[in-house]
Amino acid sequence: DIHIRHDDSGGSTFSELKVPLAYGPSQKFLARLEQQADLNKPVAITLPRMSFEMTSIQYDSARKLGVTQTFKASDGSKLRKVFMPVPYNVGFSLFAMAKNSEDALQIVEQILPFFQPDYTVTMIQDATYMDTKRDIPFILGNVTYDDSYTGTLTSLRRINYTLSFTAKTYLFGPMANSKVIKEKAQ
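Letter by letter, the sequence shown follows residues 82 to 267 of my numbering.
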């Protein structure tokens, strides 16, 4: 829900647009920008634009819990059991691309205040699985800036911000189902 506003000299807003977000590496979008448009396609891609991609998955041994501990849940007829989840750090990159500095800064200024340096999201596991909640911190690692303003006066300028995040998440293994024992054995 990122928006860019353009104001006139009197401070009145004359345009406001929502910045689109899509999954994909920034190289894909930059390649589309640099392609020469044919006569039927006057615009290669519009800016500003944001994209994101998953960049890494790493096991996190520092958050490892006992491997024999289990979660159990019952709906009265079935007993569901799953071993403790496995901790993983998942890397993400968010790319913000714009034609001018003001638009790029408006995007980044709407994101950065939420990370000090992390933003925690409560994830709810599907109730048919184990009906658990987990707080997953998304940690902002770094922000890099690239301005492609070199070249001729007719070349396209693009400003790229790359924000790198790590999600400290968990992966659950298979679930075992068994019947609930309702009578005492004789």
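Worth double-checking, as some hints may not be accurate.
[Claimed, not checked] Lysine-lysine pairs mimicking DSSO-like chemistry, simulated, CA-CA at most 30 Å apart:
(1) K162 with K249
(2) K99 with K153
(3) K249 with K180
(4) K162 with K99
(5) K260 with K180
(6) K153 with K249
(7) K180 with K99
(8) K180 with K214
(9) K99 with K260
(10) K145 with K249
(11) K145 with K99
(12) K159 with K145
(13) K145 with K263
(14) K159 with K180
(15) K214 with K260
(16) K265 with K180
(17) K214 with K159
(18) K153 with K263
(19) K162 with K260
(20) K214 with K263
(21) K260 with K153
(22) K159 with K265
Worth flagging that the hints you see were computed from the coordinates, not collected in a lab.
**Unmet hints by their number, sorted upward, for this structure** = 2, 3, 4, 5, 8, 9, 11, 13, 14, 16
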